[in-house]
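Chain A is already provided as a structure; the job is to place chain B on it using the hints.
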Amino acid sequence: MAEEKAEGGLVFHPLDQFIVKPLFGDGPVHWYTPTNVTLWMGIALLAILAVFVLGSRGRAIIPTRLQSIGELIYGFIYKMVEDVTGKDGVKYFPYIMTLFLFILFANYLALIPMSYSPTSMIAVTAVLGFGVFICVTILGFVKNGASFLGLFWMSDAPAILRPIIAIIEVISYFVRPVSHSIRLAGNIMAGHAVLKVFAGFAALTLVSPVAIFGIVAIYGLEVLVAGIQAYVFTILTCVYLKDALHPAH
Amino acid sequence: MATETTDAVAGACVDAGGSALGMPQLCADWMPNQIFWLVVTLIAIFFVMSRIALPRIGAVLAERSGTITNDIAAAEELKNKAAEAEAAYDQALLDARAEAQKIVAEAKAEIQAELDVELQKADAEIAAKTAESEAAIAEIREGAKKSVTAVAKDTAKELVAAMGGSADAKTITAAINARMKG
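One line per chain: the protein sequences are A and B, in this order. Just so we're aligned, residue 1 is where the first sequence starts under our numbering, counting upward by one. Just so we're aligned, residue 1 is where the second sequence starts under our numbering, counting upward by one.
Heads up, a few of these hints could be off.
What the hints assert, rightly or not - Okay, derived cross-link-like pairs now, SDA-like style, lysine to any residue, Cα gap no bigger than 25 Å in a straight line:
hint, chain 1, residue 1, chain 2, residue 2
1, B, Lys146, B, Glu125
2, A, Lys91, B, Val40
3, A, Lys91, B, Ile140
4, A, Lys87, B, Ile52
5, A, Lys79, B, Thr67
6, A, Lys91, B, Val48
7, A, Lys91, B, Val148
In short, the hints are calculated from the structure, not lab data.
Isolated chain A (complex conformation) (with noise of 0.2 Å):
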């Protein structure tokens, strides 16, 4: 899918800019080799230290700004584990605040131009959204036992149609985790991809000026996206969880 087109001369490689490269030297990608997907994480990493343990070092009854900013996250993330999963659902808040952040922290790093963004990686996105699938059901399993089952069977639903509802539930059940993950690295990659081919579309004297509105437009929408992402992604393993707590419907 490597979009070559030639264009007066112009060459579009939409897709170079998620290639995996070592930091240092040009050897093969192992495992543990620190790459530019490394230091992008890492400078995620400390991009929330930052706000949120330096922010709130100072403890401070009237909060600075950081500090403040650190709470509104704080207290959004709170507020949404606790509306949709419930009292119960408050002790995984921590794991669902690591997602969040991680991901809109990854996300909006990635609007940095040269910057690379690990969310569009699928590989990435399918750990998270698989690790919060294979989490899910286990703690389902060990809260509620067998009847964590009754997830997929409709008891107010007629008779007849219980055992084809149950087909449907389970499928969908299993699907979660792929469109969970797809939709988080689909979003970031093609708004990243569709900008990049706007950048070379910006080569060209003659339409220029349209491509860099066009860049300035999707960068705006990609901002939303990033945040949206991040927003969606959480609160869908805030319904997971609920689901996993409270199989009955």
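Below, chain B without anything else, positioned relative to chain A:
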């Protein structure tokens, strides 16, 4: 966004010119690397958040809401105190007003009583003076009558004497008395 590949990275996912062959996302050679570093990053974020940042922010938020609750309670207490003080003030005002009215009524009654006594005294005095004056007038009248009688007697005696007659005092007095009555 863009990480241009300038130097060729040899591998199954990159061509000789350093461009991606297919989607870099699907290159299996790179996946273990991403997964490994993702797991490292997530664990690091989780530990920092759950050990340091989240308890700290939670404590700050709890402390703040506690402070706000306390302040609101203190404000409520002060408000109640103010209301109490206002009620006491109103009560004091009412008492003072009632007291003042009582004093005014007392003073009025006292003045009225004094006035009555004075009036009676004055009436009595006036009555006494009137009686005295009447007595004086009666006396004067009596005196005048006597004088007139005496003058008339003398004049009548003189007139009789001048006419050449002589009249005894008894007859003249009787005549004059008869005239005075008429």
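Now for the hints, and whether the structure bears them out:
no. : hint                  : in the structure
1   : Lys146(B) x Glu125(B) : violated, 31 Å
2   : Lys91(A) x Val40(B)   : holds, 22 Å
3   : Lys91(A) x Ile140(B)  : violated, 129 Å
4   : Lys87(A) x Ile52(B)   : holds, 22 Å
5   : Lys79(A) x Thr67(B)   : holds, 21 Å
6   : Lys91(A) x Val48(B)   : holds, 16 Å
7   : Lys91(A) x Val148(B)  : violated, 140 Å
Against the hints set out earlier in the document, violations occur for numbers 1, 3, 7.
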